[in-house]
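Enquirer: Given the coordinates of chain D, work out where chain H should sit on it, guided by the hints.
So the protein lines, in turn, are chains D and H. Sequential numbering of the first sequence, starting at 1, is according to my numbering. Sequential numbering of the second sequence, starting at 379, is according to my numbering.
In short, the hints are calculated from the structure, not lab data. A quick note: this is a predicted structure, and the numbers were derived from the prediction, not measured. There may be inaccurate statements among the hints.
Stated by the list, open to error - What follows is a set of in silico ranges between Cβ atoms, one per label pair, in the way DEER data are often shown:
#, chain 1, residue 1, chain 2, residue 2, range
1, H, Asp696, D, Trp350, 39 to 45 Å
2, D, Gly108, H, Thr854, 36 to 42 Å
3, H, Asn878, D, Arg119, 30 to 36 Å
4, D, Ser124, H, Val747, 34 to 40 Å
5, H, Arg807, D, Cys128, 42 to 48 Å
6, H, Ala541, D, Pro39, 35 to 41 Å
7, D, Ser124, H, Arg807, 54 to 60 Å
8, H, Ala760, D, Leu348, 25 to 31 Å
9, H, Pro695, D, Lys129, 43 to 49 Å
10, D, Gly242, H, Asn878, 29 to 35 Å
11, H, Arg750, D, Gly242, 56 to 62 Å
All C-beta atoms in this analysis are idealised placements derived from N, C-alpha and C, irrespective of residue type, glycine included.
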Amino acid sequence: MSSAQQRQRTLQVLVRRFQTGSTDSPRITASVSKGPPFPMQFSEGNHEWRPIPRWVQFLVRLGYGWPKESGARRVGLVSMPCDSPAPGLIALGALIRDLADPNANDLGAHYTALLRFARQFLQSCGDCKVRCDPELKECGYFAESTGLLRHTDGGRYRVTGIPETTAWGDAIKCSNDRETRWLLAAYAADWRIDGEPALQQHGEASALIPRAYAQIVQEAQAIPANLTHSFSGLCLAGRVRGESPTRDICSSIRLHTGDCDYNLVDLLTIHGWSPSSSVSRMSFYNSRTERFDRYACVPTLVVSDGDTSFLKVVGHKQFQRSDVIGVVHRTLERDRLEVVGNRMADLLQWYEEDKELSEQVPSPPTGITVSVLKQKPS
Amino acid sequence: MSTTTSDVFAFLESRKSGVIDRHEVAFAPFGRLRRNVRQIALMLRDSDAADQDLSDRMRLLICEWLTAPVSFHLMREALLAALPAVAPFQTRWGPELRNIHDDALNAAHELISLQNPLTEGLQRTIRQARCDNRIFKIYCHRRARPHFESLTRSGADPPLETANFLHSVRDYRDADLFDLLIKVGPLRPFGWGSVPDAILTAPRFSSLIQFVWSGCGDEAGFGYDPASSFIDGSSAVAADGSQAVSITFGKISWIRHVSLSGEDLEGEIGPSTEVDDLRLFDDIDSHGEERAATLIKVDAAHGILYHPHSHVLSFDPDSTSREPIAWRVPGETLITGMYVVEPVVSKVDLGAVRAGHGHYSRIWKDELVKARKIEGFDLLSALTDGGIDLGNLSAAIDNWCRPPSTVIHAPRRVKHFEILLRVLGLEGRNELVAGRKSVPFWRLAWDEVRRSRGEAIQAGFQEHEIVDDELRGILTKLLPDVRQKAAVHERFELSIPATNDIKGTFIFHPVCGTEEGFRAPESALRAVLSLEAIEQWHE
Numbered sequence: 001m002s003s004a005q006q007r008q009r010t011l012q013v014l015v016r017r018f019q020t021g022s023t024d025s026p027r028i029t030a031s032v033s034k035g036p037p038f039p040m041q042f043s044e045g046n047h048e049w050r051p052i053p054r055w056v057q058f059l060v061r062l063g064y065g066w067p068k069e070s071g072a073r074r075v076g077l078v079s080m081p082c083d084s085p086a087p088g089l090i091a092l093g094a095l096i097r098d099l100a101d102p103n104a105n106d107l108g109a110h111y112t113a114l115l116r117f118a119r120q121f122l123q124s125c126g127d128c129k130v131r132c133d134p135e136l137k138e139c140g141y142f143a144e145s146t147g148l149l150r151h152t153d154g155g156r157y158r159v160t161g162i163p164e165t166t167a168w169g170d171a172i173k174c175s176n177d178r179e180t181r182w183l184l185a186a187y188a189a190d191w192r193i194d195g196e197p198a199l200q201q202h203g204e205a206s207a208l209i210p211r212a213y214a215q216i217v218q219e220a221q222a223i224p225a226n227l228t229h230s231f232s233g234l235c236l237a238g239r240v241r242g243e244s245p246t247r248d249i250c251s252s253i254r255l256h257t258g259d260c261d262y263n264l265v266d267l268l269t270i271h272g273w274s275p276s277s278s279v280s281r282m283s284f285y286n287s288r289t290e291r292f293d294r295y296a297c298v299p300t301l302v303v304s305d306g307d308t309s310f311l312k313v314v315g316h317k318q319f320q321r322s323d324v325i326g327v328v329h330r331t332l333e334r335d336r337l338e339v340v341g342n343r344m345a346d347l348l349q350w351y352e353e354d355k356e357l358s359e360q361v362p363s364p365p366t367g368i369t370v371s372v373l374k375q376k377p378s
Numbered sequence: 379m380s381t382t383t384s385d386v387f388a389f390l391e392s393r394k395s396g397v398i399d400r401h402e403v404a405f406a407p408f409g410r411l412r413r414n415v416r417q418i419a420l421m422l423r424d425s426d427a428a429d430q431d432l433s434d435r436m437r438l439l440i441c442e443w444l445t446a447p448v449s450f451h452l453m454r455e456a457l458l459a460a461l462p463a464v465a466p467f468q469t470r471w472g473p474e475l476r477n478i479h480d481d482a483l484n485a486a487h488e489l490i491s492l493q494n495p496l497t498e499g500l501q502r503t504i505r506q507a508r509c510d511n512r513i514f515k516i517y518c519h520r521r522a523r524p525h526f527e528s529l530t531r532s533g534a535d536p537p538l539e540t541a542n543f544l545h546s547v548r549d550y551r552d553a554d555l556f557d558l559l560i561k562v563g564p565l566r567p568f569g570w571g572s573v574p575d576a577i578l579t580a581p582r583f584s585s586l587i588q589f590v591w592s593g594c595g596d597e598a599g600f601g602y603d604p605a606s607s608f609i610d611g612s613s614a615v616a617a618d619g620s621q622a623v624s625i626t627f628g629k630i631s632w633i634r635h636v637s638l639s640g641e642d643l644e645g646e647i648g649p650s651t652e653v654d655d656l657r658l659f660d661d662i663d664s665h666g667e668e669r670a671a672t673l674i675k676v677d678a679a680h681g682i683l684y685h686p687h688s689h690v691l692s693f694d695p696d697s698t699s700r701e702p703i704a705w706r707v708p709g710e711t712l713i714t715g716m717y718v719v720e721p722v723v724s725k726v727d728l729g730a731v732r733a734g735h736g737h738y739s740r741i742w743k744d745e746l747v748k749a750r751k752i753e754g755f756d757l758l759s760a761l762t763d764g765g766i767d768l769g770n771l772s773a774a775i776d777n778w779c780r781p782p783s784t785v786i787h788a789p790r791r792v793k794h795f796e797i798l799l800r801v802l803g804l805e806g807r808n809e810l811v812a813g814r815k816s817v818p819f820w821r822l823a824w825d826e827v828r829r830s831r832g833e834a835i836q837a838g839f840q841e842h843e844i845v846d847d848e849l850r851g852i853l854t855k856l857l858p859d860v861r862q863k864a865a866v867h868e869r870f871e872l873s874i875p876a877t878n879d880i881k882g883t884f885i886f887h888p889v890c891g892t893e894e895g896f897r898a899p900e901s902a903l904r905a906v907l908s909l910e911a912i913e914q915w916h917e
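Okay, chain H solo, but in the shape it has when bound:
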């Protein structure tokens, strides 16, 4: 029987205060491994493509280790699988990096005979909950689930069941009331190991047991309530604090007990070495910009991710529909049986679609080449002073000067790109889009870069808003043709009649299904991608 609103209120009225037992675990050998892997990730993050991949893999490893009870021997295996063979990197990496690499492997090797203290704590918690007949659930990333399942694999404990896991806000929303929520990692609304704010603001359980590695603080502002947080943005969840803290959300109160445990025989772990890796990586890479997304499946192998509030140009083939062509919200008004309409327009004075890989890049690259040749102008210093903090900036500039090919060589981060164009004097330059709207040059150029990277077919869609009405008007006039094609084909295309200012094609993708529960970078939205690739952003 599903939980009613009255059940939820009866529970909230009866629970008085909930309890958060936060177990902070310090373990020096793991700290060493974590520190070395972090350093590799940081040192390689602005290197060439191969090393950037390695940096990303190191980052993902740490994120996983901090938010799941990964056994130490699996950590070592994962590290060995991720790091390259010794010979190639000896020639490319400096001695410092090589030493860190060796230290990381040594630290991982030291750990294999030891048990992860998180594992012990979790096993104890699960056994106790079962012993007390308490209904418990574990909130974790779908891919972290095997690590939790391994906790009861020894045979002494009954295995964990599907009902013991929550992986998304929808799972949480649909869950009946229960006694205990178990979470590994800090409380954060976005990124790896994220949990819904509702666990504090709309609890369905009485106790939360949280296991965190030392240094991993809960995110300030966690526990967002739209009716109160917009006035008082301060969070009741402090990252640091005393051993027992009372926390209140509206009238929902929590008492948090913090206990410290672990082993730090050599006194290695301290404020200087304790780094909040999850926050650090969020700050420096684009994954911090991941946003919730809804998947529209367009066939058995492909789909498109949209922001949940996107308005998507779409066609409803239902003959009784009053608005066959309309902007619809994925998963809400855009549903199975309809079509997503992807406008591929090629000849309109619209920056976002004029890219053709190189229109804007030629302008700023010319300026960049010129700037390097100006006597007395220290481009390197200007960029560094401007805020580009790349260790190998000179090499990066060489790369950015290369003419556009299949990709446009440019800074990886939008912030750096903006700085570059500012230094080149293109900051105040605007372009007229569709002959009407003035758009900053740097934005158009950045969209061009994004598209060249294949990040999104419709990147820079802001500019499309200008012609949205026109597109919809054209489609409405084409409605008889659209219906005719939809009756015969699953996926089809229609050319825009030549009489229009906008030239191009409409691609109609059938909506085969919708699914919530994704978090993806902006660059992955609105692009037709394989479901395999999309799966990586499944929460």
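For reference, chain D alone in the conformation it holds in the complex:
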């Protein structure tokens, strides 16, 4: 069997496991509630509970309704009247959208990513003296490969080799001070890069809670398997001051239904933000350090928080093919506003106003202005 055929078979195995539930874990039985048995309530900054306000609905809907795979890159700019958790809410909408997409998971590319990670470590990072700036070293990589992998049983291993062939097909040799194991393509889902979210959650207890998402966008049809699998195709780019300010302002938003409270921070499932879930449906790009929270990340949609973050993301090599929704607020100095406006104006050389999408997006509430540009056909 050729290597290509082996990979194809591996992919089929992974997809089957994704659709039916892992053979190692119980079948996923989570169901998505269609209608709200309790109207969802909203609170900001520990104020009293109230119905979800229109500005929140709009932002969530904007993310939810953002088109996927149209072939042309889009850059949107949302202008707010004050500093706000708007990026988190737009990202939440996009997350709910992705829950309904059967392809929105990292399964297909997982083994390839692990293989790339292992190769980079063995060929470059393992003996590199610079810790770590790929741009400075001009090594061609976006981020460092530590060579450390973790198995679902908890063991941590270092990549020690990639044999050309093994009896089981493609494999990565992993060792620690006690043993050596082979990371096989067919069982790649049992491995992850150390420090990153698990590819999939074994066990229902800590899967994402569908009811919360279903009540935020009631027509959303989440695929049960997506609630237990990580996804890196959606990215939240934090403020240039670092991760904490973005997380802090998101934590001011809470939603309540029935007897459950949900914090926006938990709903976003960003790795390390919440202890409640080990799967992550959204990657995080730290605009301060210019690093992702995971190794293999080429998102299809990036939501950026703040003017500087937007400017960084729009011009970043790794986001060249990603849609971008930038969120800025208008209580800034004119210079800063103009830098953002001028960046949008620069894009008009290759982009045009996406009037079609503008018509589809619900009318924004007073105080929010939205502009969406779409790449012109070449």
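Expert: Just chain H, lined up with the frame of chain D:
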């Protein structure tokens, strides 16, 4: 309790339309003073250094008078303090200027027994707001605040409190919702008396009461929104217009009522005499180029101003930092406890640092001297036709021909410098910088002039971009030495090892604090300056 996003939206949804009450005040005696002071400022602006200072002072006086309720007797005092004694200028100034000087003083004298109509209007507005239990705030320059505080100093009114004032966009951003904003002067995003565009595009209040002297128009384009203005740059705020105008920003709407008041008994004020001084001065002097800046304090008495989006070479002494040496953004990623690294490089083929006060100037000054001697070539006309509109151009050329000393004598404005070099035939000349990049000669020469004026240690930093990577690479290799020094010294220097192409020193300034809210000319950025000097650019 701070205002939440929901509070802001609830307010915007509920307010329907905001109201701008624009009170335009015409007052002939003040108009006379303003006209005379303006003329002095304009006539002296291209004179020698002493008169240029006087021109600047006259300009600042007018700017202050137009954007704050300055009492008339203080106007006169300020004018007397600024104008020189009579004897010296009689010999230097022509009769026209002397007459204007006398007229200005007479006009100021006429005013001292009168009350500033702005003062009356403001007092009435404040009393009414208090009577109606409305929360009001006054947006003004920090230095204009005493003039506003004097409005309630008579004893009849309770004094104004700190909470009644907004001085910066940050103050505005942090303010809770309120009822009424009071502003003296036109709506403009830059320059003296500027206000954030957000007051129209992101209002936190329902009414704006604006007092302006006649002739002072709001700036076209005020109310900038990055999500819409880049497509439709036209402003909803018209400088002129009917008495009641409806204005919309996105869905935020305003209704503007304009009322005219004042006294013009002799019909002196008309279109021919009404001049928008603020716009005029912005157009003709460099203060129109002022930009927002963030201050990095490097010790108790000194600081460096940076453009808010600058990338500053810096060192983070935190041992856990993954990138100890990096380009960081002041106030955002460059924070207290880190170090600003100032590269002072002296021997690299880099125009910006080769200045040594005179490398490029010798070339263009030689050309200038030659051009004056060419028979049949009228240098004066060529420069005038080219666009240099100085009244004393001949004297200025004499000055520019002088060899460089501690300063390089050259045109004050970049536009004039560019014209001069074009006339001298140096327009198309380029220089290789760092042996790699071709940079226009005039730009390198202008940077040299700027540095000679002590305007910025790192002027012409564009060229530094070429060696940015090299500098960072060198610093990364020096990291152990940097850490060692940082453990012992607050401020320290490190020489660049001789093995590198770039020669010089890195100066490490500790970041003792950061502060936003400055507007400074380009020339003041990236230079270590005293905090006292920097204070003049505080918004």
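Enquirer: Please go over all the hints and tell whether each is borne out by the structure.
Expert: Hints, one by one, checked against the model:
1. Asp696/H / Trp350/D: 39 to 45 Å: With Cβ atoms ~41 Å apart, the hint holds.
2. Gly108/D / Thr854/H: 36 to 42 Å: 38 Å, holds
3. Asn878/H / Arg119/D: 30 to 36 Å: 34 Å, holds
4. Ser124/D / Val747/H: 34 to 40 Å: 59 Å, violated
5. Arg807/H / Cys128/D: 42 to 48 Å: 44 Å, holds
6. Ala541/H / Pro39/D: 35 to 41 Å: Between alanine 541/H and proline 39/D, where Cβ atoms are some 39 Å apart, the hint holds.
7. Ser124/D / Arg807/H: 54 to 60 Å: At roughly 45 Å between Cβ atoms, arginine 807/H and serine 124/D fall outside 54 to 60 Å, so the hint is violated.
8. Ala760/H / Leu348/D: 25 to 31 Å: With a Cβ separation near 40 Å, alanine 760/H and leucine 348/D fall outside 25 to 31 Å, so the hint is violated.
9. Pro695/H / Lys129/D: 43 to 49 Å: With Cβ atoms ~21 Å apart, the hint is violated.
10. Gly242/D / Asn878/H: 29 to 35 Å: 33 Å, holds
11. Arg750/H / Gly242/D: 56 to 62 Å: The hinted range 56 to 62 Å holds for arginine 750/H and glycine 242/D, with Cβ atoms some 59 Å apart.
Hint check: violations occur at hints 4, 7, 8 and 9; the rest are consistent with the structure.
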